[in-house]
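Following the hints, put chain E with the ligand in place on chain G, whose structure we already have.
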Amino acid sequence: MKPAAVKPAFDVEEIRAQFPILKELVHGKPLVYFDNAATSQKPRRVIKAESAYYATINANVHRGVHTLSTKATEAQEAARETIRKHINAKHAHEVIFTSGTTASLNLAASSLGHLLLKPGDEVLISGMEHHANIVPWQMVCERYGAVLKVIPITDEGELEPRRRDDATEYFNERTKVFAITHVSNTLGTINPVKELIAEARKRGIITVVDGAQAIAHLNVDVQDLGCDLYAFSGHKAYGPTGTGVLYGREELLNVMPPWQGGGEMIDVVTFEKTTYAKLPFKFEAGTPHIAGIIGLGEAIRWMEDYDKAAMAAHEHLLLEHATKELLAIDGLRIIGTAKEKVGVISFVINGVHHYDLGTLLDQQGIAVRTGHHCTQPLMERFGVSGTTRASFACFNTVEEVEVMMVATKKAVKMLR
Amino acid sequence: MSGTLAQTQQELVSEFAMFTDWQDRYEHLIELGKDLPLIAPEHKTDDNLVRGCQSRVWLNAEYRASTPLSAGTVHFTADSDAMITKGIVALLVRVFNDRTPQEIIGASTDFIDQIGLRAHLSPNRANGLSAMVDQMKRYALAYSAQSH
Ligand SMILES: Cc1ncc(COP(=O)(O)O)c(C=O)c1O
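In order, the protein sequence lines correspond to chains G and E. Under numbering that gives the first Met the number 0, residues 0 to 415 are what the first sequence spells out, in order. Under numbering that gives the first Met the number 0, residues 0 to 147 are what the second sequence spells out, in order.
Don't read these hints as lab results, they were simulated from the structure. All C-beta atoms, glycine included, are put in the ideal place defined by N, C-alpha and C. Honestly, I wouldn't trust all of these hints.
Stated by the list, open to error - Which residues of chain E face chain G? A partial, calculated answer using Cβ under 8 Å:
#: 1; residue: Tyr25
#: 2; residue: Gln53
#: 3; residue: Thr84
So here's chain E without its partners, still in its complex pose:
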């Protein structure tokens, strides 16, 4: 992990700021999707489907317990049958992956608006995106109980 959660968010904002046209922005999103840490087949279950998305999105979270050298973190893997959706999940995973539950819970999600993504998403997609963020934060909340 390079940098803090906030730094990763800022990185993404700068990355997307380079694009002036829709095609480049979406191509970048699709590229991001290709780097998504894929969910293991056995976790691709209905239980792991994120509700509120029009295309199917699976999200799995695992808690990696603290060691004497490091705090416990949440590891996300995911997948989607639609590429743009997968890009959006990848973007979120890049921000939230391998962070402590407290970091995830406390994270602001302003970067989504700063990327200008929400404005380019249909209301359905924007809802789906919020559903994904909520789901990630819910996992973090559940694990934060464990980490104390």
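Just chain G, same shape as in the assembly:
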């Protein structure tokens, strides 16, 4: 961690000034952007870094002897080092670039499935997973005859506690992989992943964490968490779309088979046999999203210039304020009332369809997400077809929460 002294005090107006999009009008009204769990907005520095690559050093990486290729390679590898430091990985080559969390988890599932799943083995996930951390595991389970097991969710939206009298309830001797979300995109719940990983690793279970919703809001230290693999997307952390990371422990990555084949990931190719490149390139087939990766590096540096804890404290304030105000609306139920939450608030209102509410909020300039949030099994668990979800980022304000409250009350009045 950097010394705290260099960080400026948290000033939301100063932060807002760095996001060009916040000056946009929607239906003639100032944009209130509360859909950060889907994708966050980007500060000017990130947009500039990405376009500066195209304007000044555009070239393919690791391929040419020419100057631009060297510069592009250096810029990309600098981003890798920035990310390594940010998540406290031991080595830069443990940071694999992907197109996003979905690709990271597909890589993980495909490769681990091939490496270790046998008929009758189990993969354990939780009931609050995003489809991206369900479907890839289902696919490999089907392929190798393994079984997908699911940790149930409580009414508050937390993992069902492991029974005291039977500490091994979640895990058994057939469990080979434990894949869990760090933070739920629908409920906002922060899962106690560190404890669970420790339990799993004692039993020799490979642990995979979906960090899509954590990376912008929590200090993520992969060595402290002790996980084998950690996946996240750049675009939910103020970075460009189409970028993502799969962190993996070196020893595991070395034995995992590659996922996609092609250029960049090879050592020697003959028609009889191909040997693979060393880490991280073994898992990076083809030309990467160089501009995006450079932008992602900048997004991480931007976050580090502030204090993630201060950002999180600010977002928590918004969460508490919104929670209190929303609960004052007659017939409103919050889905996800865990003790540990990030700034995500999902709710349903009696007699009001989330789709109608989302439409009427949009008319008032407010962007929220409506629907199942790619967590259909979780919707079923709570007996709802969908929710309205507001998700906060560091650039949101209490005033914006107020605007949403007035707009929500207006919409409810129209719809009832």
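Chain E with the ligand only, in chain G's frame:
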């Protein structure tokens, strides 16, 4: 039925032209939804769900055969779990209901743009709206075979 299909479309365009602000426009749409000829519970099946809508929309069509005095027409009933969607279905039903298959098949759908509705709908909703129109025209096409 008062007036031709084209007249009903024009009526709707004038109705919506009166509204200058989003709130009135949506309130009117919600009101229209309340007049929608509701689908009978036994027709509220998965088979009658219109694909391509984010909220659920059920649409049922029945052919009312021609008599010596009148041509055969298509009778629509529908429902949705979302009120704005229901308003949009109601608007379409008001235009297409109890028309002959030929009228429905031949109808232009420019009125949707003239109402300014599409501009106010998210792409998802606009897709849903097209899906509803397509579904109605498909029914009409199927019945037009019967009416000959
Ligand atoms: C918890 C979680 N996992 C995975 C994903 C998938 O991320 P992406 O679409 O960036 O691949 C998301 C995005 O919505 C998410 O919230």
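The hints, checked one at a time:
The restraint placing Tyr25 of chain E at the interface with chain G holds, with a minimum CB-CB distance near 6 Å, inside the 8 Å limit. Residue-level restraint check for Gln53 of chain E holds (minimum Cβ-Cβ distance to chain G is 6 Å; threshold 8 Å). Annotation: interface hint on Thr84 of chain E holds; nearest CB of chain G at approximately 7 Å, less than 8 Å.
The structure agrees with every numbered hint stated previously.
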